[in-house]
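S.K.: This is what each chain is made of:
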Amino acid sequence: MSDLIRKTAAELAELMTSGQASSVEITQAHLDRIAAVDADVHAFLHIDTEGALAQAAAVDTRRAAGEELAPLAGVPLALKDVLTQEGIPTTAGSKILEGWKPPYDSTMVKRLKAAGIVILGKTNMDEFAMGSSTENSAYGTTHNPWDLGRIPGGSGGGSSAALAAYEAPLAIGTDTGGSIRQPGAFTGTVGVKPTYGGTSRYGLIALASSLDTPGPCARTTLDAALLHEAIAGYDPMDSTSIDQPVPAVVAAARNGDVAGLRVGVVKELGGEGYQPGVEARFHEAVELLTKLGAEVVEVSCPHFQYALPAYYLILPSEASSNLAKFDAMRYGLRVGDDGTNSAEKVMNLTREAGFGAEVKRRIMLGTHALSSGYYDAYYGQAQKVRTLIARDFENAYHQVDVLVSPATPTTAFAIGDRIDDPIAMYKNDLCTIPSNLAGNAAASFPCGLADEDNMPVGFHVMAPVLRDDLCYTVGAALESALAEQWGGVLMTKAPELEVTR
Amino acid sequence: MPSITREEVAHLARLARIELTDDELDHLAPQLDQIITWVGQVSQVAADDIPPTSHALPLTNVMRADENVPCLTPEQALSGAPAAEEQRFRVPRILEED
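Line by line, the protein sequences are chains R and C.
Each residue of the first sequence is one higher than the one before, starting from 86 at the first, in my numbering.
Each residue of the second sequence is one higher than the one before, starting from 530 at the first, in my numbering.
It is worth saying that the hints were derived from the structure and are not from the lab.
Backbone N, C-alpha and C fix where the C-beta goes; we use that ideal spot for every residue, glycine too.
Keep in mind that a hint or two might mislead.
To be clear about the criterion: a stretch of chain C counts as covered by chain R if any three or more of its residues have a C-beta under 8 Å from a C-beta of chain R, and this derived list gives those stretches [claimed, not checked]:
{"#": "1", "stretch": "571-585"}
{"#": "2", "stretch": "591-605"}
With a straight-line Cα cutoff of 16 Å, these simulated EDC-like cross-link-like pairs (lysine to aspartate or glutamate) come out [what the hints assert, rightly or not]:
{"#": "3", "chain 1": "R", "residue 1": "Lys-198", "chain 2": "R", "residue 2": "Glu-171"}
{"#": "4", "chain 1": "R", "residue 1": "Lys-352", "chain 2": "R", "residue 2": "Glu-364"}
{"#": "5", "chain 1": "R", "residue 1": "Lys-512", "chain 2": "R", "residue 2": "Asp-502"}
{"#": "6", "chain 1": "R", "residue 1": "Lys-376", "chain 2": "R", "residue 2": "Asp-342"}
{"#": "7", "chain 1": "R", "residue 1": "Lys-186", "chain 2": "C", "residue 2": "Glu-604"}
{"#": "8", "chain 1": "R", "residue 1": "Lys-430", "chain 2": "C", "residue 2": "Glu-548"}
{"#": "9", "chain 1": "R", "residue 1": "Lys-186", "chain 2": "R", "residue 2": "Glu-171"}
{"#": "10", "chain 1": "R", "residue 1": "Lys-512", "chain 2": "R", "residue 2": "Glu-353"}
{"#": "11", "chain 1": "R", "residue 1": "Lys-430", "chain 2": "C", "residue 2": "Glu-625"}
Okay, chain R solo, but in the shape it has when bound (with noise of 0.2 Å):
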């Protein structure tokens, strides 16, 4: 296997400047390991050899010529298939999309193309973003490359499981409730959830407009960090964006120091339904950052019992109307235009054969929430308790700086395991959903492997809004003592995948 393939995005950007090697040969290292193990992983929905590889020789170009790169200028990425990247099929995971080449690029796609970052094609999710382990796409599930027979999470799974299968070094995911933390947990990968309108959602395909954040995913905290400050930062174009200067969050990862840092551990989330392995190690790993001079202490929020079920009502109440607009008149799927059906009946058949099971159940979830008569019982009083988890939010930050749990109450587990079983899928995200009602900033970092299964665990720290640096400093922090333990990162643990080419 080619070196190449195994180098974090930091140590790729270094061989390029010191003319080790080139954009094209890092980018088809990529692309040959795709080809060798992406029929076991499934991590690609679509892989665009012929633009990668021209992004990466306009790089070296440039860069023989003398210009001044951006940071990431030539390392490969994968970008998760919610996000629009013009003449490339975007789909969401559904088939109410197949074959759509979008007319435009999202601005996510226009920064990336902006640092140079070469964009190897797009990942596979669950359907609009609607679940927990991929199972939800329409074009199969994503396998975890610690385990084939395991899910890798959702719903960007496919992201994170191109890190875990060397097929790329950095990836884009979009959190919503979890969707870039979660599989970064189960895929022993870093996921960081920026501060809700600290990334552009311009281009973004819509889940839930008030939570829908994009962010970065990578092997490494300094490599997700990279990621993080070139897509980062105001858009004129995201009518929620933040006009702010980005957190200084690649100075956090390069100095990782935690002596002082007030750490407080959220009673709530743990105990009952959290597995063994998960929790031994979440709790050595809030050692191990005391060890590091930080103070830890316990504290109470106690309104996140509520936010998983205010979640189910907000989003798929967003979701509903977000989705209105598949509507099988202006691009996509069209079914049933035999001459003689109205247009509402074509749309109607459009969405029936175009949504998979997920998407109906939670598009009419919503729509019962917002229904007249059940509004204030439901999603009136879902906001009401959104209110109540961010003032937990900002009592704790009176006493704490960043507070920590476990990223995901149990470790990944086996495909069709929970796929019939909605509530118990939607449990996954029990840990991650407070920070999107809140729109503070989180972030998952390995912290080991499970006793019972051997799966990654994933250690969830969240700081205030437009604090996202204290993310990237405990994970920095937490990364180089385990790395120190282990003789590197958890992600050298990882099994080989079989070579199928």
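Since the structure of chain R is already known, use the hints to place chain C on it.
M.R.: Just chain C, lined up with the frame of chain R:
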């Protein structure tokens, strides 16, 4: 008593413009019933005097200068259309026959 009946689910499907099959209705109705009962927990929270939050961060209206900026060409805008005619989206008839 279920929190939602099969007939109500069929009604929601009509509102949501999804032509569900009978099998789907049989499968979805009990699942939605279960989910709605579960999310109903939010009503246990005493929140009468609590203001609702629709958005995590304070929202302000965003304006831009009223100037022409580049936009999609008609060809680009129509590039994903299921059917197009004379530089327009072609849609099925919108009126029902009498």
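S.K.: It remains to establish, for every hint, whether it holds in the given structure.
M.R.: Here is what the structure says about each hint:
1. With 12 residues having a Cβ less than 8 Å from any Cβ of chain R, the stretch 571-585 of chain C passes the three-residue criterion, so the hint holds.
2. Figure legend: the stretch 591-605 of chain C, annotated as covered by chain R; annotation consistent (4 residues with Cβ-Cβ distances under 8 Å, at least 3 required).
3. Distance check on the hinted pair: Lys-198 (chain R) and Glu-171 (chain R) sit about 12 Å apart at the alpha-carbon level, within 16 Å; holds.
4. As the CA atoms of Lys-352 (chain R) and Glu-364 (chain R) are separated by approximately 12 Å, the hinted pair is consistent with the 16 Å bound.
5. For a cut-off of 16 Å, the pair hint linking Lys-512 (chain R) to Asp-502 (chain R) stands: about 13 Å separates their Cα positions.
6. For the suggested pair Lys-376 (chain R) and Asp-342 (chain R), the alpha carbons sit about 12 Å apart, so the restraint of at most 16 Å is met.
7. A threshold of 16 Å between alpha carbons decides the hint, and for Lys-186 (chain R) with Glu-604 (chain C) the separation of about 13 Å falls inside it, so the pair holds.
8. For the proposed pair Lys-430 (chain R) and Glu-548 (chain C), the alpha carbon gap of about 8 Å is at most 16 Å, so the pair holds.
9. Between the alpha carbons of Lys-186 (chain R) and Glu-171 (chain R) the distance comes to roughly 7 Å, so the proposed pair stays at or under 16 Å and holds.
10. Distance hint between Lys-512 (chain R) and Glu-353 (chain R) is fulfilled; the C-alpha atoms sit about 14 Å from each other, no more than 16 Å.
11. With a C-alpha separation of about 10 Å, the suggested pairing of Lys-430 (chain R) with Glu-625 (chain C) holds against the 16 Å cut-off.
Consistency note: the structure conflicts with none of the earlier hints.
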